[in-house]
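Peer 1: Here is how the chains run, residue by residue.
Protein chains: 2
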Amino acid sequence: MIKVIKNGTVITMSSNREKIENIDIVIENDKIIDLVKDYNGEYDELIDATDKIVMPGLINAHTHLGMGYFRATNDNLSLQDWLNKKIWPIEDKMNEDDVYYGTLLSCLEMIKTGTTTSNDMYFFSDRAIDALKETKVRCLFTRCLADINNDGDKRIDEFLDLYNKYKNDELIKFSVAPHAMYTTNLEYLKKCSKLANDLNLPVHMHYLENRKEIEDIKKIYNMTPLEVLKESGLINNKLILAHCTFLDEENLEAFKGKDISIVHNPISNLNLGCGIADIIKYKDYANISLGTDSQGSGNNLNMFYHMSIVDLLQQGLHENSTVLSSYEVLKMATINGAKALGMSDTIGSIEIGKKADIIMLNLNSILTEPHIDIITNLVHNAFNNVDMTMINGEILLKNKKLLLNINEKDLIKIINNRIKKLS
Amino acid sequence: MIKVIKNGTVITMSSNREKIENIDIVIENDKIIDLVKDYNGEYDELIDATDKIVMPGLINAHTHLGMGYFRATNDNLSLQDWLNKKIWPIEDKMNEDDVYYGTLLSCLEMIKTGTTTSNDMYFFSDRAIDALKETKVRCLFTRCLADINNDGDKRIDEFLDLYNKYKNDELIKFSVAPHAMYTTNLEYLKKCSKLANDLNLPVHMHYLENRKEIEDIKKIYNMTPLEVLKESGLINNKLILAHCTFLDEENLEAFKGKDISIVHNPISNLNLGCGIADIIKYKDYANISLGTDSQGSGNNLNMFYHMSIVDLLQQGLHENSTVLSSYEVLKMATINGAKALGMSDTIGSIEIGKKADIIMLNLNSILTEPHIDIITNLVHNAFNNVDMTMINGEILLKNKKLLLNINEKDLIKIINNRIKKLS
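In order, the protein sequences belong to chains A and B. Heads up: the first sequence is residues 15 to 437, going by the numbering used here. Heads up: the second sequence is residues 15 to 437, going by the numbering used here.
Chain A with its partners taken away, still in its complex shape (with noise of 0.2 Å):
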């Protein structure tokens, strides 16, 4: 099955080719096979990209899907607050099918807005896998790892479960997920490192989300929080650590030359009050990426959103517009993302050899009109223009319409029901 996607602008991301190059690609089963200008051989399908950018499907690399539920739901709570007494008490009451629900939703959202791989972290993973398949996007999934009432090795049971059950799945791969270090302690994050090496499997972590947790973290194991990551032998793993609002020069040194990829959550960190993330400063230590967190503190899941606010905080962070360009942000959301997920060898660029997971825009419009810095115009201004998202070589968005099996409509209804019901 061979499709072409011609005439398209396309950002390739890949550091061995033009920023933007006007190619044709040629796809064969799940994979990009060749990159030519004005092919004319064969095709069974044709994706006609003319007056289209396009680019790699975009890779949030820090989500909790199941919470799609929580869209928008924190006005004036702070991270203790909201998931003390907002979020917690309600995912207490979630059954399995609720979490399935709240991950349909999720997908859905990613789909039509151009995300193609999550890195996702929650729990009633059997049924998030469902919908997972059942969407067909990527994910670096796992079961979330915790030890709060004794349960932690119930827990890691049930991510060996998940894990053998899935492991050779073609667009499901693991992660291990010790949620953070203020729901966990120093024996069971050891056993998590361990677990990880042994499965050659990343680690994803909360890590410093703002300065309380800094403080809650001393209080429980008497270490700074850098000190419970090399204890717990973590910072050898590789590493995959959510929102660092706050790392200090000591963190970073010690950072330097180890695997470690910080997922930046611009909107959620803003949202709950954690502060801005000087990304700047963490860029010569560590490979950045990006993520949304879940639609509760993200508000939504569109990164094409949260991409858009990416440099400017940090301009206006530094009081300097020159300090990251708007093709630093899309490789934070494209090609960064996937070498945080160990994925970059089969996504986050066009580049022959790699997964087709391509998205394409129409930047045509009032809107978005005109467009003369391409790139810049892409991450501000792009917000509702992907026509075309296409995972593992397969078109799952054409002409804004999802082409899967699931009635939009239905879904919504299903998922204000619960939540009534949940609340």
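No lab work stands behind these hints, which were simulated from the structure alone. Incorrect hints may have been included.
If several chains are the same, the list does not tell them apart, and a pair holds so long as it fits within one copy or across any two.
[To be verified] Within a straight-line C-alpha distance of at most 30 Å, the following computed DSS-like cross-link-like pairs (lysine-lysine) qualify:
(1) LYS244 with LYS232
(2) LYS99 with LYS168
(3) LYS297 with LYS226
(4) LYS179 with LYS204
(5) LYS427 with LYS415
(6) LYS226 with LYS427
(7) LYS168 with LYS244
(8) LYS100 with LYS33
(9) LYS33 with LYS434
(10) LYS150 with LYS423
(11) LYS51 with LYS435
(12) LYS295 with LYS226
(13) LYS181 with LYS100
(14) LYS435 with LYS20
None of the values given here were measured: they were computed from a predicted structure.
Since the structure of chain A is already known, use the hints to place chain B on it.
Peer 2: Relative to the frame of chain A, chain B by itself:
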């Protein structure tokens, strides 16, 4: 001619009413004549707002509508470099038809994104007014005043011609707009202050956009910006001050009790590396409204997008998620904008006797559901949800389609050709 907006969820923005009401809005010609549950009187046109959000049109309190050409063209330039190297060289070549088409694009962008009034400052104003009248957008308009090559009086004459021609217009009202202190001088500012007093018009001016501006003003005037405000008499005018990125205690104290409105332009201020205005500190001293600035620094005129970041920025800046609510942000973009423009008797909220500047939004989609907390969701996720826009009782957008006799595709072609020639 009676129109009724029926069965909507109405966000009134009126201090005399509930925040959210299920009421029908009865409109006669240009005015709201009744707000009533289950209206069963006569009407000529019914607008079914079932399952929709209805609210006052947004007020963009600082624009340069003619700059539609410059969308998202500042990737990495400071305010001064951007003006000197990118904007001014092109503006020098612009003719009045360029300004007409740029304004036309901006007006269509506003109508499509729910803005019904703008506070504009630019040049070639006769042709800009042609675009405003063609698109029927409400505007506090002006010819921008500066005195760079001893041409200040000529500009005032042009302003007066314009004012006298249109002073009785229904939709176009006027401000007196000295561009900024760094493009004028003390005598000229005194003239502007007097002119505004004589004509009973507000003054619209850029003020303290970045730190360098403060130093530049001190060099030109041998006074602080605040001293210039006082010495010129402007501080006693009805003042609309755009930006105010840095207002110290002295400025704030001097503003107290005066008729001063600040226009917060968060995206523009970030984009140009100016910084983050601490509006939490300001709000006890002046009325705070919201502006996009031009598409050049604001990236777009979509007030829903600009709103989405206002409370988040303050929450990040103050590391406190309780400092500003979504409802306060909505006020900035509606009733506070009306106050800034001296129009709070006629627009900015849905109240009996006010002009029918009303928009309707559809939040029933996978990207915006569930919407449990309607106002939080509206402020943070409604980038592309305006279904209907009505200005002065006339529907200009219906089911997302413009009802104006303007061919959008042709306009886009014209815009692209013109900016190519100018660049």
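Peer 1: Which numbered hints are broken by the structure, listed smallest first?
Peer 2: 6 and 13
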